[in-house]
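Peer 1: The task is simple: from the sequences and hints, build the whole structure.
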Amino acid sequence: TGLKYKLPILSPVDEGGLFTDEAPGYTGQQVFQANPRIVEDLRKSGVLAHHEEFTHPYPCCWRCKQPVIFRATEQWFVLVDHAGGRQAALDAVKKTRWFPAWGETRISSMLQKRPDWCVSRQRSWGVPIPAFYCASCRQPHLNPATFEAVKALFARGGADAWFTTDAKDILPPGTKCGCGGTTFEKEQDIFDVWFESAASHRAVAMKHPDLAFPSDLYLEGTDQHRGWFQVSLLASVLSNGRTPFKDVVTHGFLMDARTGEKQSKSGQFKPIPVDEVVQKIGSELMRLWIASIDFTDDIPLSWEILKERAEPYRKIRNTFRYLLGNLFDFDPKKDRAADLLEIDRWAAAELAALVRRVTKHYEAYEFFRVYQEIYQFCVVRMSALYFDTLKDRLYTSGRTSRERRSAQTVLHDTLVALVKMLAPILSHTTEEVWGYLPARETDSVHLALWPSPQEGDPDPKWDRIWKVRAEVYRELEKLRGAGTIGKSLEARVTVHSADPETLKALRSLDLSEAFIVSEAVVSDRPEGAEAADLK
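Residues in the sequence shown are numbered consecutively from 575, following my numbering.
Incorrect hints may have been included.
Unchecked claim - Straight-line Cα separation of at most 30 Å, DSBU-like style, residue types lysine-lysine; simulated pairs:
(1) K1035 / K934
(2) K760 / K725
(3) K687 / K669
(4) K760 / K742
(5) K907 / K1041
(6) K1078 / K1061
(7) K965 / K907
(8) K725 / K687
The hints are simulated quantities; they were obtained by calculation from the structure and are not laboratory data.
Peer 2: Now the structure itself:
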């Protein structure tokens, strides 16, 4: 504001927080201790319009919690608008994928309003600012030759060499200031640590031959739109002409599920040690919990919430056990069925659709949707529907019969795809399952290729068939409750529907297998007392 209105830059406070001679009458007094006297002097001189004490926010040191004293001092800045830098940064934001999408709007708004970037700090140790000052005129001395000299110094002795080497031993021979001075002093300030982190892509991604620039992903909390994301973007755009990342993912913060307090080292809700979590619930449950939450929002946490993932994990593991248990005599290289039965084609199509959805969710970093899709597939589509219909074929059909091999082909494909898709989440469990796979393609699941999404969707007629089956099961439950039948295989079912499409779907396959009954008949009109009118 002072610069805006062309006011002189005054700094009447020294490094100890005491007034200097620029504040006559208060020299040597501590800033806050002098406040009452200043107020009184203003009152006596008749220029004090109003005086009142009230509570208000004020910046404090994050370590000692004491109020901060502001001083006007010379600093080094990055000019954000230099050579169109601000607009280039805003354009680069649009070329980056932000997850969640509101991250783009947030960081763009911050870039539009941000001031020039102060990159110097007055600290005892850090990455030095490679500048020199003429001892005669005190003007800074920087040019490509001095930068190359400092670069060579760091290559020989690291950044610490700056603090142990005299300026005359760093600068090229014959270095001279514009004023004619030949004696120089080193800059004592260091770079802000945010400048260091902003330039990390140069030290890592751009220097290591086995890494790529730009990086695929930057991942941090929501506070880093103002911090690391923004300064990294500025540093890279201004020096490389593009962002250092392709995607940026933002997560919320852990919160006490009971109080809503955010987790912090200084607050009441302390970080829970990872070792303690692993010891109590295991690493797999911890990863499954992390994958099951929408991390883009703040995340409630308690031991009860962590333990809730035990039941879903058990059901997923049981799915693996069922699949493995029915593949003990199946060799995918020799025993695959070329022509699948119709219900097996449905299951294969369901699997293909699942792979496409899960792949899409992984690419969008929507891991909680990955968990939901796979869990629902295991528990509902497979366990409650498909697996239920396979019992007779798997246990009573001939060992090498088409009926059994058709089912095993789909079970094998399902197991391989599920293990691969869950490997990023349940890394130990999937590795264990992979070790039991017949004719596995790699030694480790983590070395295997991602399942290739197949085209095509399940035939819509199956939605009608499963709805009818649900109605049939409700009727069978009534009969079981009345003691008329024991198991569903003791029933002969006659199904009636007034809907032509439903009738067509029902008549296209053997319903006795899908409904797990001894016989299933489709009729245009109700038959018998126990028949249910299904629509």
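Peer 1: Hint by hint, note whether the structure agrees.
Peer 2: Cross-check of the supplied hints:
no.: 1; hint: K1035 / K934; in the structure: 25 Å, holds
no.: 2; hint: K760 / K725; in the structure: 15 Å, holds
no.: 3; hint: K687 / K669; in the structure: 20 Å, holds
no.: 4; hint: K760 / K742; in the structure: 10 Å, holds
no.: 5; hint: K907 / K1041; in the structure: 36 Å, violated
no.: 6; hint: K1078 / K1061; in the structure: 28 Å, holds
no.: 7; hint: K965 / K907; in the structure: 24 Å, holds
no.: 8; hint: K725 / K687; in the structure: 34 Å, violated
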